[in-house]
Amino acid sequence: MQVPDDLARTLAVVVDAGSLDAASRHLHLTQSAVSQRIAALERAVGQVLLVRSRPVRATPAGSAVIRYARQLEHLHDDLASALGADAEHTPRVRLAVNADSLSTWLLAPLARVCERHGIAVALHREDEARTADLLVDGSVLAAITTRGAAVPGCTVTPLGTMSYRAAASRTYADRWLPHGPTAASLARAPVVDFDGDDNLQSRWLSEHAPGATPPRHQVPSSTEFREAIHLGMGWGMLFAADVHGSDLVDLGGPTLDVPLFWQQWRLSSTALTHVAEAVIAAARGALGDAQEQVS
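Offset between the sequence shown (1-based) and the numbering used here: plus 3.
Keep in mind that the hints were calculated from the coordinates and are not lab data. Only a predicted model underlies this, so the values are computations on that prediction, with no experimental measurement involved. Treat the hints with care, since some could be wrong.
[Stated by the list, open to error] Pairwise CB distance ranges (calculated):
(1) P213 / H120: 47 to 55 Å
(2) H79 / D260: 34 to 42 Å
(3) Q5 / P257: 50 to 58 Å
(4) R206 / G183: 15 to 23 Å
(5) H79 / A190: 51 to 59 Å
Cβ coordinates follow ideal geometry from the N, Cα and C atoms, glycine included.
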């Protein structure tokens, strides 16, 4: 079966743009022409590739075609770089990353590798338990994830462990936890969650006050999440390195360890290799021993 390259790329653009109309503007085509390309691609592969919802989304077969289109894009980048045929072209690497890595140890190595090798990165921020899903659907080339089992077609490298401690401001602790984090106090003391996927606070709370249902804030930004805890809105789980030596109160209890892995497509891409090497080296300097994750 032959999948026309230009049609595969069109499908990727449509899914990225979210609609046929938006994709038509990006491709400088009429919406009808874009629709005809998708229809031709579906005839070529004999399957429905696009769900015409709002926004549009790829079917499982469509995700496979999009992965193929992304691979073509990066092979083109590598060939152009090797031949010196397109000095103005900047290879782009799409990555799925978790918010805590992005706000603590990840951005600096990405900045260095992008400057050194002339690479652009497109970061998709997602909960670490869900970043691997973006590999599956073809949205990204690599992901920082808690998933240790390889996504089909990908390689896995342990990065290390992010360790979290329960912390609160002194003012908050004096008001809500005057006798320490007792079950009775925790049952009414406000909590700060990052978002609906953040279960770290619930994991810690289940150890100290099983069944408790305290008030909960959601602050879906790493910087503002930390600021909310400093301002006394609630207690929350913070990267252990941010708690040690700070003016926050460590609430004790277990350290919660979150193992992280680097997964990437089995794809020969110079740009992806540079990014992977930079991320893995930085993680092993910033996180717990990666070898602990495979022992």
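Results for each hint:
1. Restraint check, P213 to H120: a C-beta distance of roughly 50 Å satisfies the suggested window 47 to 55 Å.
2. At roughly 41 Å, the beta-carbon separation of H79 and D260 lies within the given 34 to 42 Å, and the hint holds.
3. Roughly 56 Å separates the CB atoms of Q5 and P257, a value that falls within the hinted 50 to 58 Å.
4. Remark: the range hint 15 to 23 Å for R206 to G183 is upheld by a beta-carbon distance near 19 Å.
5. Between H79 and A190 the CB atoms are about 58 Å apart, so this pair conforms to the stated range of 51 to 59 Å.
Violated hints are absent here; each numbered hint is respected by the structure.
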